[in-house]
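Novice: Listed here are the chains, written in short residue letters.
Number of protein chains: 2
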Amino acid sequence: MAIPNSLKRFFPFLDWASSYNRQSFLNDGTAAIIVTIMLIPQSLAYAMLAGLPPQMGLYASILPLVAYALFGTSRTLAVGPVAVVSLMSATAVGAVVGPGGAGYVEAAMLLALISGGMLLTLGLLRLGFLANFLSHPVISGFISASGILIAVSQLKHILGISVSGHNLIDILQGLLSALPQTNFYTLFIGVISLGFLLAVRFYLDPALAKINVRSEWRQFLVKAGPVFAVIGTTLAASQFQLAAKGVETVGRVPVGLPQMQLPAFDMDIVHALLLPAFLISLIGFVESISVAQTLAARRRQRIDPNRELVALGAANLASGISGGYAVTGGFARSIVNYDAGAETPAAGALTAIGIALATLFLTPLIYALPKATLAATIIVAVLTLVDFEMMRTIWRYSKQDFSAMATTIVLTWTVGVVAGVASGVLLSVLLHLYRTSRPHYALVGRVPGTEHFRNIDRHDVETCETMLTLRVDESLYFANARFLEDQVYAAIAQRPNLKHVVLMCPAVNAIDASALESLEAINERLEIAGITFHLSEVKGPVMDRLKRSHFLSSLTGQVFLSQYDAYRFVSQQNETATPETPSF
Amino acid sequence: MAIPNSLKRFFPFLDWASSYNRQSFLNDGTAAIIVTIMLIPQSLAYAMLAGLPPQMGLYASILPLVAYALFGTSRTLAVGPVAVVSLMSATAVGAVVGPGGAGYVEAAMLLALISGGMLLTLGLLRLGFLANFLSHPVISGFISASGILIAVSQLKHILGISVSGHNLIDILQGLLSALPQTNFYTLFIGVISLGFLLAVRFYLDPALAKINVRSEWRQFLVKAGPVFAVIGTTLAASQFQLAAKGVETVGRVPVGLPQMQLPAFDMDIVHALLLPAFLISLIGFVESISVAQTLAARRRQRIDPNRELVALGAANLASGISGGYAVTGGFARSIVNYDAGAETPAAGALTAIGIALATLFLTPLIYALPKATLAATIIVAVLTLVDFEMMRTIWRYSKQDFSAMATTIVLTWTVGVVAGVASGVLLSVLLHLYRTSRPHYALVGRVPGTEHFRNIDRHDVETCETMLTLRVDESLYFANARFLEDQVYAAIAQRPNLKHVVLMCPAVNAIDASALESLEAINERLEIAGITFHLSEVKGPVMDRLKRSHFLSSLTGQVFLSQYDAYRFVSQQNETATPETPSF
Chain B
5 MAIPNSLKRF
15 FPFLDWASSY
25 NRQSFLNDGT
35 AAIIVTIMLI
45 PQSLAYAMLA
55 GLPPQMGLYA
65 SILPLVAYAL
75 FGTSRTLAVG
85 PVAVVSLMSA
95 TAVGAVVGPG
105 GAGYVEAAML
115 LALISGGMLL
125 TLGLLRLGFL
135 ANFLSHPVIS
145 GFISASGILI
155 AVSQLKHILG
165 ISVSGHNLID
175 ILQGLLSALP
185 QTNFYTLFIG
195 VISLGFLLAV
205 RFYLDPALAK
215 INVRSEWRQF
225 LVKAGPVFAV
235 IGTTLAASQF
245 QLAAKGVETV
255 GRVPVGLPQM
265 QLPAFDMDIV
275 HALLLPAFLI
285 SLIGFVESIS
295 VAQTLAARRR
305 QRIDPNRELV
315 ALGAANLASG
325 ISGGYAVTGG
335 FARSIVNYDA
345 GAETPAAGAL
355 TAIGIALATL
365 FLTPLIYALP
375 KATLAATIIV
385 AVLTLVDFEM
395 MRTIWRYSKQ
405 DFSAMATTIV
415 LTWTVGVVAG
425 VASGVLLSVL
435 LHLYRTSRPH
445 YALVGRVPGT
455 EHFRNIDRHD
465 VETCETMLTL
475 RVDESLYFAN
485 ARFLEDQVYA
495 AIAQRPNLKH
505 VVLMCPAVNA
515 IDASALESLE
525 AINERLEIAG
535 ITFHLSEVKG
545 PVMDRLKRSH
555 FLSSLTGQVF
565 LSQYDAYRFV
575 SQQNETATPE
585 TPSF
Chain D
5 MAIPNSLKRF
15 FPFLDWASSY
25 NRQSFLNDGT
35 AAIIVTIMLI
45 PQSLAYAMLA
55 GLPPQMGLYA
65 SILPLVAYAL
75 FGTSRTLAVG
85 PVAVVSLMSA
95 TAVGAVVGPG
105 GAGYVEAAML
115 LALISGGMLL
125 TLGLLRLGFL
135 ANFLSHPVIS
145 GFISASGILI
155 AVSQLKHILG
165 ISVSGHNLID
175 ILQGLLSALP
185 QTNFYTLFIG
195 VISLGFLLAV
205 RFYLDPALAK
215 INVRSEWRQF
225 LVKAGPVFAV
235 IGTTLAASQF
245 QLAAKGVETV
255 GRVPVGLPQM
265 QLPAFDMDIV
275 HALLLPAFLI
285 SLIGFVESIS
295 VAQTLAARRR
305 QRIDPNRELV
315 ALGAANLASG
325 ISGGYAVTGG
335 FARSIVNYDA
345 GAETPAAGAL
355 TAIGIALATL
365 FLTPLIYALP
375 KATLAATIIV
385 AVLTLVDFEM
395 MRTIWRYSKQ
405 DFSAMATTIV
415 LTWTVGVVAG
425 VASGVLLSVL
435 LHLYRTSRPH
445 YALVGRVPGT
455 EHFRNIDRHD
465 VETCETMLTL
475 RVDESLYFAN
485 ARFLEDQVYA
495 AIAQRPNLKH
505 VVLMCPAVNA
515 IDASALESLE
525 AINERLEIAG
535 ITFHLSEVKG
545 PVMDRLKRSH
555 FLSSLTGQVF
565 LSQYDAYRFV
575 SQQNETATPE
585 TPSF
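Chains as they are written, first to last, in my numbering: chain B, 5 to 588; chain D, 5 to 588.
Keep in mind the hints are simulated off the structure, nothing from the lab.
As the structure is a prediction and not an experimental result, all values here were calculated from the model.
Certain hints may be false.
Since the list can't tell identical chains apart, any single copy or any two copies may satisfy a pair.
To be verified - Straight-line alpha carbon distances no greater than 27 Å define the calculated DSSO-like cross-link-like pairs of lysine-lysine that follow:
| id | residue 1 | residue 2 |
| --- | --- | --- |
| 1 | K403 | K503 |
| 2 | K551 | K214 |
| 3 | K543 | K403 |
| 4 | K214 | K543 |
| 5 | K403 | K551 |
| 6 | K403 | K249 |
| 7 | K249 | K214 |
| 8 | K403 | K214 |
| 9 | K249 | K503 |
| 10 | K249 | K543 |
| 11 | K249 | K551 |
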């Protein structure tokens with residue numbers, strides 16, 4: 005039976021479910037097992053990073069994955085708790101109810117619900133373009149800054165000391181002053197874990213390759229590194245009674261699946277969470293779509309950004325009602341999912357089953373898991389977020405873009421994540437407006453003997469003292485409308501013999517109402533000064549719009565199809581007007 | 005003795021002072037007399053509109069004019085209190101210290117000082133471009149909305165009732181509920197004044213023309229209308245003891261020149277005034293520069309926007325230390341000044357002397373001047389601000405621009421002037437970003453037998469299934485970088501035989517770091533999908549910048565000077581690659 009396309013649009017799974025077969029299931033199942041093994045320690049660790057009890061990380065990896073499998077357009081994206089969103093969640097909730105304060109858990113669930121509602125709304129209203137305002141330097145700077153902030157914030161768990169604060173300065177000060185309270189059992193566990201994870205990450209693959217282990221197995225063992233660290237340190241902590249020696253452990257985790265329940269709605273808290281929820285939604289979306297597009301392109305598949313918003317919205321709503329917190333598509337686990345051969349989003353649903361089984365049966369075993377191990381897992385994971393090479397690249401490419409990036413980084417560290425992102429966005433927009441407010445422009449003249457017109461400052465061209473041609477290489481809109489006026493008035497003030505001004509528009513893609521007003525002002529003022537105003541090489545869509553105004557009828561001159569037409573017209577005018585060439 | 009140009013740049017008066025002669029003085033003097041006569045009632049009226057004692061309007065018309073004469077680059081701009089800035093001043097100061105509250109006068113002076121300081125700073129830092137963010141629809145909508153708001157707010161003086169409120173709804177409600185308290189003596193004075201002023205404005209000129217009165221005299225009499233209304237109603241009020249019958253009059257105005265003094269600096273008040281001061285500065289500057297440019301163009305003179313900022317800053321600082329309030333260049337009085345033959349800013353200085361003499365000798369005479377007369381003056385003056393035709397024009401030209409205008413108008417009326425302007429600016433920026441985030445683009449093909457390439461949807465062109473050419477008609481930057489990616493990925497997902505993608509860039513004036521990142525992502529993902537990525541017709545400055553990145557070295561394809569080159573290259577590739585054309 006053919007499924008109507010409209011239904012497929014809302015439930016993308018209908019697209020692949022009909023052709024789902026045993027082989028697809030085997031592939032998805034294999035991928036699901038590998039992702040589950042990778043996701044268990046990550047879920048526990050990111051919940052800790054978010055300041056939440058460990059089971060919330062597991063809960064956030066069950067129902068949200070099912071929701072994404074139903075609505076997502078990416079075949080291989082793996083959603084769940086991720087580092088940056090966990091940090092943003094901790095900052096937002098901590099600012100509202102105080103770190104670890106009463107209602108902290110409920111506020112985190114509420115944040116997921118609000119973010120989910122926003123994502124869903126953005127998707128249904130097709131407002132995905134809003135994410136575009138997060139320019140690449142801002143995102144990239146923010147992710148790098150967050151990576152360092154997260155790594156530094158986890159040092160307290162490695163040292164076994166207690167430090168609060170959400171910005172780098174507070175955390176560093178806290179670390180320094182609490183350093184004497186370092187618990188050396190904890191530090192030992194932490195350093196061993198860190199060393200082990202770094203060794204696995206950087207040396208395991210080549211080492212196994214030497215002894216001819218198959219590539220898939222090598223990859224699996226590398227990704228399972230955190231699981232071995234968790235098992236090893238849990239056994240050690242339990243064996244040597246480290247909890248009694250001051251090593252903080254995960255402690256009792258409730259057994260069983262999450263209860264379906266809505267958090268309490270406190271309107272003051274909802275209000276305070278709106279802005280952070282919006283930024284979490286945008287950042288989460290941008291990260292997720294970028295991963296999804298990377299993977300989709302490899303198989304020439306298509307991602308629909310607005311459907312992705314809906315799917316991420318559904319995933320966050322599912323998280324918020326099932327005891328989880330804010331989730332998004334994760335980079336590392338999606339790659340693992342893809343590499344492990346996942347064919348369809350069913351892999352995500354199978355992963356959810358895996359995590360659910362873990363929640364049912366494994367939670368009693370992690371009682372003695374040291375927090376230092378989880379901190380080490382986080383630190384090693386977030387190191388990949390810090391991209392110094394990108395900073396160098398952007399510095400070389402554009403100082404303006406770099407300044408937006410640097411502002412984002414500095415404010416993320418010194419003030420907080422919301423201030424960092426918000427200031428970066430604002431600065432990006434201002435710099436864009438500033439750049440286009442002073443567009444590239446040139447006075448042009450004719451290349452002798454041709455129909456070409458070039459910048460008089462760069463080329464040896466013919467000009468004429470009764471005619472001035474200005475070429476503006478930018479769309480004309482409010483930010484540069486007056487700049488254009490200034491240039492024209494400056495040019496005519498220096499040229500007493502001027503009779504014609506031509507505005508050459510081959511690079512003008514749009515003229516807004518402000519620029520139209522400026523063109524009208526130029527036309528009127530030039531007329532008073534006895535100068536005719538022409539346009540040349542106006543693009544079709546721009547001309548169509550100009551026809552909706554009175555400008556063309558009040559224009560003292562003409563609109564020429566080519567600058568050469570304008571040149572010939574003015575030449576003829578000069579000939580008939582010159583007294584040295586009497587007409588009798 | 006030649007004056008160095010650097011000195012002239014800072015003191016533009018040096019430019020004209022050296023050639024000043026008797027004729028210039030006579031011309032400037034005549035203009036000054038006419039402007040003084042027009043300015044006296046206006047100064048009193050606008051001070052009332054700003055909620056200030058009448059003498060502050062006069063004070064604001066003395067020293068600021070001298071300051072502008074020293075620093076201004078416009079030969080004929082006349083500065084002083086104007087309607088819109090007076091309204092904004094009343095709203096800002098009223099919001100901070102309460103309408104007519106203690107410290108109201110000092111706060112208004114402080115506002116002038118802050119605004120002056122900002123204008124001066126913007127000018128010295130050459131930040132005049134910031135005013136560009138006030139798009140024409142926003143300015144135009146704001147001025148129209150203010151005109152109606154001002155006219156309605158003055159009805160209380162015509163009716164002789166007491167009404168407070170700074171938005172249209174509050175004022176209209178206040179008017180309705182206080183309507184029964186109407187003072188009919190006041191209403192009589194108000195209606196007579198209104199009728200007289202409207203008659204003078206619309207019928208006096210043609211009537212006098214009929215009896216062959218000379219044009220200059222007609223203009224003078226029309227502009228002097230408010231003076232006759234002031235004299236007539238003052239005499240009537242004084243004769244019939246109208247003050248005793250509840251007609252509100254100006255009352256005792258202190259005789260003498262303003263005292264030089266700084267207002268008290270209360271940092272809380274300063275802080276609260278910063279945003280309104282900034283908006284007043286920008287709006288005042290935009291209005292002033294627009295008048296100045298209109299007049300300068302008539303005589304092919306040059307206005308330097310950044311020097312104008314300095315001059316307006318000096319004028320406002322002068323106002324703030326001499327008992328005045330925020331000032332800017334006024335449209336009506338500048339036209340009068342120009343038409344009356346003013347040659348140099350000395351006319352402004354002479355006007356200042358005129359107003360100073362009025363402050364010294366005329367203030368005792370205006371004791372009995374009814375406020376209703378001043379309100380009538382304001383209402384007739386602000387009617388010119390309301391521009392319904394502009395609303396229609398913008399509606400026809402662009403619905404986007406109209407929406408920014410409508411938002412400004414509605415919020416100015418319902419919330420207040422700051423909210424109106426701020427929301428308009430924000431919406432303009434967002435709409436600009438939205439527009440450029442979905443740029444015009446086209447898949448193009450070759451016009452058969454030519455080297456031209458056109459939109460495949462509009463023209464009958466040749467295409468080839470191994471090659472896709474996308475032309476984007478907009479600069480590439482963060483707001484549209486992902487849109488470009490989406491289009492490319494969508495296009496390749498539908499074309500299984502695709503081997504080459506060409507991005508045609510003749511309208512791309514800039515590529516920022518976000519767009520560069522997108523191009524790199526496209527290049528990389530196309531490579532994985534087995535597709536070569538090319539660029540064509542890249543502009544010089546864009547190419548220069550791309551050379552600063554690694555993009556060109558990682559590009560799988562080439563950068564072609566013309567699209568035709570790209571076409572020929574792909575055709576050759578096809579020929580060598582097609583198995584039907586064996587090479588042996």
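Novice: May I ask which of the numbered hints given earlier this structure violates, with the numbers listed in increasing order?
Specialist: Checked against the structure, the hints that fail are numbers 1, 2, 4, 6, 7, 8, 9, 10 and 11, while the rest are satisfied.
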